[in-house]
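Novice: Turn these sequences into a full structure, and let the hints guide you.
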Amino acid sequence: MLEVSNLRVTAGQMIRLEKLDFVLDAGSCLALLGPNGAGKTASVESIIGLIPKSSGRVVFDGEDISNLPASAVVRRGLTLVPQLRELFPGFTADETLLAGANAVDCRPTVSPDRIYELFPRLKERRHQFAGSLSGGEQQMLAIGRALMSNPKMILLDEPSAGLAVGIVRSFIDVVKKIRDGGVGVVLVEQNLEIASALAETCIVLAAGRVAWRGAAADALKNEDIRKAYFS
Amino acid sequence: MFSGPLVRVLAPSLFLLALSVAGLGLPSYWQYVLALSVSAAVIGSALAMLVGYARCITIATGAMLAIGAYSGTLAVLRFDVPFLAALLIASVFGAVAGFVLAVPGVRFRSHNMAMVTFVFQAVVIIVLRQSKSLTGGAEGLQVPVPHILGFSFSDDGHFLVLCGVLSALSILPLVLLLEGAFGKNLRAVASNENAARAFGINVNLHLVTAFVWSSAVIACAGAIMAPRFRIIDPDSYGILASIFALTYPIVGGMSSIWGGLMGGIVLRALPEVLRPVADYLELIFCVLVVLTILFFPQGFASMVPGFARRKAAKNVGAGEPTFPRNVIEDKNMIERLAAPATSPEPLGRPLLRITGVSKSYGALRAVADVSFDVPHHAIHGLMGPNGAGKTTLFNMVSGLTLHDQGEVFFDGMPLSTVPVEARIGLGMTRTFQHAAVFDKLTCLDNARIGIGRNGIWQSTIRSAQWALSLRQASAEYKAAMGALDAVGLAARAHALAGSLSLGDQRRLEIARAIISQPKVILLDEPVSGVSIDEAESLRLLLITINRELGTGIVIIEHNIGFLVSLCMRISVMSEGRVIADDDAKVVVNDAHVRRAYFGERETAA
Amino acid sequence: MISEFVMIVVGGLKMGAIYSLTAIGIVVIHKATRTVNFAHGAFVLCGAYVTYGVVEVLHIGYWAAFILASLAAGLLATVLEFGILRPIRQADSFAVITATIFIGIGLAEIYRLVENTEMLAVGGMIGGWPLFIGDAMITREQIAVVVGATIAATFGIAIFAYARFGRGMRAMASNPRGAVICGYSSDAMNALAWFVGGAMAGLAGAFAAPSTGVSAELSILMVTAGFAAAVIGGFDSLKGALLGGLILGVAETLAAGYVSSAMKNAVSFLLIFVVLLCRPQGLFPEAKIRNV
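Residue numbers (numbering that gives the first Met the number 0), protein chains in the order written: chain R, 0 to 230; chain E, 0 to 604; chain X, 0 to 291.
Derived from the structure by calculation, the hints contain no laboratory data.
It is possible that part of the hints are untrue.
Calculated pairs, SDA-like style, for lysine to any residue (alpha carbon to alpha carbon, straight line, at most 20 Å) [what the hints assert, rightly or not]: (1) E/Lys518 / E/Pro374; (2) E/Lys131 / X/Val258; (3) R/Lys52 / R/Arg208; (4) E/Lys584 / R/Glu222; (5) E/Lys131 / X/Ser259; (6) R/Lys220 / E/Arg594; (7) E/Lys439 / X/Phe93; (8) R/Lys52 / X/Ser184; (9) X/Lys263 / X/Thr211.
Specialist: Below, the structure is given as C-alpha cells:
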C-alpha cells in the first residue's frame, strides 16, 4: 500500500536522509529505529509532504503522492502523528478531534465516541483545553485526532517519547488495536523493545542512511544494531 | 595613515563634497535641488544604519527632521546662537529624541516598533502644531539666512557648498561607526541575536545607540536645510515625509551606507526631474518601492558588481600566529592525537559545578535535580535520549535559560547573577546546534567578534582604531587570522560566512569560540549533519585545542561514538535526571544507560 | 450635561464600531498569516468607494452597497496577498511590512488620481427623524451604524469561532503544521483569511462613507485607528479588537468634547503608546502551550 523509493531529504547543506526504500502493506507495522539525528523524523515528515523531498518517490494506494502537499496526502488516507504532536493551544479536546475529522474526502469519519472508547481517560477531559492536558493525554489526543479521519495508514513519530512507563504500556495496546483493525502503521522509535513488540519488520537508520533491515525478532539480538546506536 | 580603512571612512564625505562643488556650474534652481539631494543622502545614510544594519523600521524620520529644524532655527532666532553652534544644538536635541524613542521602541521588534515610531512621529507634529507661541504653530516659522563669521549664505551656490561641507562632516561619525566594529556588531545582531549575545553584544544597547546616532544626524540634516526653505511648518515634516525617507535605503540598498546615500540623492532629485508627471509622483514612488522589494531585495546598490563586498586590505604585517597550526596535514600528530587523553587530576576547585539544578515548564520537569562537576582542562560529554533535558541544561549553563532551583558555579562564581552577555568575559563561550555564524559578515569579522570586546564604548573605540589603522586593530587582525588558521579556514578569511559549507561553518564557530582563549567552550551538537571525515577532523581539532591551549570542552552530542572517542568523562541524562556520570568507556557499557536507550527489558505481550 | 455626555458617547460608539470592524480585519489577517498589514486602510477606502458607486452613481439601495463593498475589498485583499505579498514573504518577512506600507499609499494614490477630487460625499443610510432620550439627540444613522457594525463584527468573530472553516482558520493560525495534517490547505486558509479580513474592512468603509466621505485620507485614518484598536485588544484577539475599537472611539470623542479637537487625533496615538508600554499583550493575551 505504501511504497517508498530512494527517498532523500536535505536541509540547506545537511543531508538528513538518503536512499530510503521500503514497502508496507495494510494491517502491518514497520518500525524505523535509530538514534537522534539519524533521519527518522525526516523520513516520515517527507513521506507525508510536511517537509520537502530532494528526490525520491512515494506511492500510496496506487497513486504517486511524491509531489502533493501534506494536506492533500492526509485527505487520501495517510496521516501522521508528529513528534511534537502539534496540537492547538486554544482548542478543547473535543474540538481537536473535530478538526481531525476534516481530513476526509469520501470516507465516513469516525465518531469522537469511538476515540473516547479507545482512550477513556480523554473522555473525562473532553472539554478541557489541549494545553492543560498532561503529556500522556496530549499524546492520546494527537493519536485520536489522526484516527478521526479513518486513515488507511498512520505514521507515528516517537509516540512514547518522554512518557512514563505505565502509559507506554497502554500505548502499545492501542497501537496493536489500530494495527489489528487493518490500518498500516509506520512506527518511528528509539526504543528497541517497544518497536519489537509491535512491528514485524525493522529498519535501523544511522546518520541518514539505512544501517540494517530485517525481522523485528532478529533486531533484538543483533549486535550490529547496538553498534549502530553507539558509534 | 592613508590606508584602506581610512579611505573607506572618508569616501562618502569626500563624494558629497565633490558633488556639491561640481554643482557650482549649475543654474540656481538645480543648485537648490542638488542641496536637497545632498541632504537626502545624509538622511538615507542614517536610515541605512537603522533600517539596513539594525533592522528597525522607523516612521519617525519626519519628526526628527522637524526637531532638528525647529531647535536649530529657534536657537538662532530666540537665543542669537551662531549658526554652527545651532547645528550642534539641533544634533543634541535629535540625539535625545532618538534616545527617548528608542528606549521603549527596542523592547519590541517589527510591527510594534513601527507603531511606537509612528506614535512618536504623530505626537511631535501635533505638539509643534499646537505650540503656537513657541513655534508659530501651523503657520510656520521664518528661518533666517545662515551667517558664519559675518559671511551670509543667501546665494544658492554658496548655500550648496555650505550644505556640502556640513553634510560631509555630519556623516563622518556615522560612516566610521558603520564601517567599523559597531556596524559589524549590528549586522551580527541582525544575523543571529542569541549568538551575538553569547559573544558579549548587548542587543538593546546597540539598537538604542543606533537610534541615537541616526536621529542626531537626521536632526542635523533638518537644521542644515531649514534656512533654504525660508519657512518651516509642521505639516511638511509629517508622516509622508517619514515614509518617503524610507524609500532611500530600500531602493538604494540597505546593506551599505552607499546604498542609502545614492538612494537619497537619486530619489530626492527624481521629483524635480519628473516635474511633468508630478501628479503621478507618489504613485510612481510606491510602485518603485514594491518592485524593488520584489525583484531587488538588496536594493539597486547590490547590482553594481563587487559592490556588496570589498576585498580587505592586504595582511597588515605578517607575524607568527599565536595559535597552533592546522593539525590535519601533520600525519604524525594525527596518530598521536587519535586516542583521547585520560582524565586530568582534579586540581582543587572544579571549573564547572552544577548543583541541584532543576527547571520545570508548567507540569513538566525538564531538568530534575542535576548535579555534576567538570574539572579544568577536561573534555566532558553530555548525552541522553530524546527529551532527556540535555539542551535545557546546556542553555542554563550558557545563560539563555534561567534555572528554577539549584546553582551553577563557574570557577567558584555563581552564574545566576551573570547575564548572557557577560559570560564571555568570565571565560565561557559556546557554539550552537544550528551553526549560528553571522552569515552576512566575513569569516574574519566573525572571528573578531569572538574576541569579545563588544561593549558600546569598546566597539566605538575599535571602529576608530580600525579606521586609523592603529596597532590594536592590526593585533586584532592577527589574532583573528590565527584563529582561522587553527581551524583551517585561513584561505576563506574574506569569504562571507553564509557562503561556507556546513562543516566549515562549524569550524568557524569553533574559531570564534576559541579566539578569546576561554576557560571552557560549550559545544552543542558540533557534528550533526556533517560527513564522517569532517567529524573526524573536527574531533582532532577539538583534542588539539584542549591539549595545546588547555581549554575545557563540554559537549552535547547524539553521535555516541564521537563522544566516546573524544571525551574523558560523560554524563548521561534521561527524563531530566543524570543516570550515569563516569569515564567514557565505562558509561557506554553501563546497563542503566543501555536501558534508557533501548527500553525496559519486558516480555512483549 | 448628561445629554451632552450621552451624545458624545453615542458618537464615539459609532466611530468605534467602525474601528472595531477594521481592527477585526487586521487581526484576522495577522492571526492567519502572521502578516502585519499596513495596507488595510486601502481596503476600507475600497469599500467606501464602492459604496459611493452603488449609492450615488447607480442609485441602488444601501443593502447592495454592504454586499458589494465587502466583496470588492475582500477580492482586493486576496489578489494582493497572492499576487504580491506571498512572493515577498518567502524571501524576507521584514520586507513584507514595508511593502504593505507602500502598497497602502499606492492604492490611495490610485484612487486620488482616478477621482481627482478631495472628497466624495455619500448620502446617509437611513433617513427619518432622530430619536430623543431626554435632551440627547441620537440620529437613526448613528444607531444603524453602531448596531450594524457591531453585529457584523460579532458575526465575524462567531464565524471564526464556530463555523467549520472558522475552525480551520483558527487551527491554521495557532499551529500551521498541525492544521496541515488535519487536511486544511494552507493556501485555501490564507486566501480565506485575507478575503474575510478585506471584507470586514470593506464593510467598515461602507459604514463609514456617509460620515467621513470618500477620500485618500480615509485610508490613513482607518489604518491608524484600526491598528490602535488591535493593539489595545492584544494583537491576536478578535474580541479584543472589537472592544479596543469601541474604547478608542469613545475615548476620541470624549477627548474632542471635553479637552480639545486637537487632542482627538492625539488620543489614538497616546492609547497605543500607553498600551505598548504598560501592557503590550493587550486586553486579551493569547494563550500559548509548551509542547513536550
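Novice: All hints, please: hold or fail.
Specialist: Right, here's what the structure says about each hint:
no.: 1; hint: E/Lys518 / E/Pro374; result: holds (11 Å)
no.: 2; hint: E/Lys131 / X/Val258; result: holds (17 Å)
no.: 3; hint: R/Lys52 / R/Arg208; result: holds (15 Å)
no.: 4; hint: E/Lys584 / R/Glu222; result: holds (17 Å)
no.: 5; hint: E/Lys131 / X/Ser259; result: holds (15 Å)
no.: 6; hint: R/Lys220 / E/Arg594; result: holds (15 Å)
no.: 7; hint: E/Lys439 / X/Phe93; result: holds (16 Å)
no.: 8; hint: R/Lys52 / X/Ser184; result: holds (19 Å)
no.: 9; hint: X/Lys263 / X/Thr211; result: holds (15 Å)
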